[in-house]
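S.K.: In case you want the letters, here they are:
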Amino acid sequence: MSFQFLLQQCLIGLTNGALIALVALGYTMVYGIIGLINFAHGDLIMLGACLALSLVGALGMTAAGPATTWVGIGGLVLICGLFCGLLNVAVDRIVYKPLRNAPKLAPLVSAIGVSFIFMNVGLFWLGPADKSFPELLPSTNLLHNDALQFTWKDLLVVLIVGPLMVALSVLVKGTKLGKAMRAVSQDPTAAALVGVDVDRVIAATFFIGGFLGGAASVIYGLYINTIGFQMGFQNGLYAFTAAVLGGIGSIPGAVLGGLVIGLVRALASAYVGERWTGAIVFAILIVILVFRPEGLLGRRVKEKV
Amino acid sequence: MSNNRSPRTSAPPDPSTGPWAFLAQRWELVTLGVLAIAPLVIPALGGALGGQVTNLFIYCILALALNVMVGYTGLVHLGIASFFGIGAYVLAILTVPMYPFQIGFLAAAVIAVLVTAGTGLALGAPTLRLRGDYLAIVTLGFGEVVKVTLRNLEQITGGMKGLNPVPPPGAGVTLGGIDLGKEFAIDPRWFYYLALLSLAGVVLAMRRLENSRLGRALVAVREDELAAQAMGISATKVKLAAFAMSSAVAGLAGCLYAASLSTTADPNAYDFNRSIMVLCAVILGGLGSIPGTLLGVAILVGFDTVLAPWADSWIQQMNVNPKGLSYLSFSGWRLAIFGVALVLVMRYRPEGLIPSRRLAAELHEGGAGS
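Chains as they are written, first to last, in our numbering: chain A, 1 to 305; chain B, 1 to 370.
Just chain A, with the same shape it has in the complex (with noise of 0.2 Å):
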């Protein structure tokens, strides 16, 4: 167990932490806006991925070049992203919309229900069995050192989301819709007084999240190499649990949470063994919650009377 060993442990998790990242912030945008903790999301994801793997089957990828291949791979993100983002924007609309005033746990239900459905759509493309995703890149080290390796794989990671977090925080920080939707997710009355059409920024938000969770569907699936209907449950709640560590609601926090269970999760397997890493992890959100359930960056919310 020497130092290099956790050098390494570290940077598996943090890349992992990336895509938990990517995906915590679905959770975390939707949650901040309509205070619905959308159990659908890994399931979408898990969508994307299997959209992924047909496309590369469809498009014979495997027999591609490097220089296609990245481009192919930045096709395939745009196009899964487009479909979860679209995916996500259509359920909102038919599922969630019309219960917008009901009580809190009417759309958690329904949310429920909607993964009940993705999965088994997820069932009938990919069969019951798990289906392992082609290698696209090659696993050469990119580092010269025999003890680290950082792969083209963990590369790739870092090369989409690291654009994509920035694209979001400009959007976020520096538009108009981003100020909109700032503006709903604290006060979506006040905020559609001052003539903010808060159905299309919420249709917006749900895009914006399922477009992340499309590109971490390809992601996942050129980096974890396995994919199969039940992927999205136990991921979606690695990346719940990251937005909830950093404060639901916050989306720089949901990276920071994204990129702790990350390392959490590498080290517990390092350490303690893979299979207590899952219980680790929600012993964690579990402590979390019962001592800060703001999170590590949430704000405090006051119960409304």
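Treat the hints as calculated values from the structure; they're not laboratory data.
Heads up, a few of these hints could be off.
[Said to hold, decoys possible] When the alpha-carbon atoms are kept at most 27 Å apart in a straight line, the in silico BS3-like pairs for lysine-lysine are as follows: (1) B/K182 - B/K161; (2) B/K237 - A/K104; (3) A/K131 - B/K323; (4) A/K179 - A/K104.
The structure displayed is predicted, hence computed values, not measured ones.
Given chain A, work out where chain B should sit, using these hints.
M.R.: Using the frame of chain A, we list chain B on its own:
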């Protein structure tokens, strides 16, 4: 708030008049009577069918346990199966030959129920101040932790093999020349009656609870916690009581489950899927409504054990699916059907099939929810 009941044309007819008045008001007794006589009349209940119906009763108990949390108190609980599992494992540890205790079913069941109630309190106490959806996540996480722990503590829980054989209730007890343990092992009707008796007991207890001071306090906390506290109700105590009662009843269901299967089965039997299916049953039938909850379980279990196999074999006979494609079989659509049902129920009838009157009023109020 609850006076503001919106008029609904589809409301059931007033049960206090008409020729069916007796049946409508005493539906529990009538059903209990029919179910008690059934095994004497229907010989199939002495076979595999008897086991399935016993299972149905056990799930009914589990769903009623969840109903205390979600229905009466309005606390979303996504980990009820973990308490089901803890009950099953505690019973197994206290009775299987592998361990030195072997204290017999009744004593073990009492201890198991106490342990699950204690676990419920231990989970409930620190999480009381969490808002609704956060509590849902904590219970979900708790369920996962319990499942992983059951699976990994192989020295204690037998890992994926589970603990077995769990001896039948009354093993070694002879009553009037009848060896009870042997009878339980041979004839499923013994378990049928044990489960039916337990279910009847739980239904009775729930009825009493609904009309008790505590039951009304639970509902008051659900409807408006601040207002309830202003009226002198201790929300902390009330919620803890809900946690303890719900966990204890789920533990009882777990005891019956392990005993009737004579094994705890593998820990995956107590995972999130089970929790969510039980929640579906409660929501589908009617939150906070005892007949609704029972009906919901009957529909879900009926779907899995009666409708799906029947429709599958019918499709097979029609020979439209020679390649065995999953989307051409009925059971392949199981998840989607449940999913659509949940979405539709939430959209058009959030109070469920047999609504509890109090909750229906609240759900149709619209505007600020709990």
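S.K.: Quickly compare the C-alpha distance for A/K179 and A/K104 to 27 Å and report which way the hint goes.
M.R.: holds (26 Å)
S.K.: Holds or violated: are the alpha carbons of A/K131 and B/K323 at most 27 Å from each other?
M.R.: holds (20 Å)
S.K.: B/K237 and A/K104: Cα distance at most 27 Å?
M.R.: holds (24 Å)
S.K.: With the threshold set at 27 Å, check whether the alpha-carbon distance from B/K182 to B/K161 stays at or below it.
M.R.: Holds, because 24 Å separates the two Cα atoms, which is no more than 27 Å.
Consistency with the previously given hints is maintained throughout, with no hint failing.
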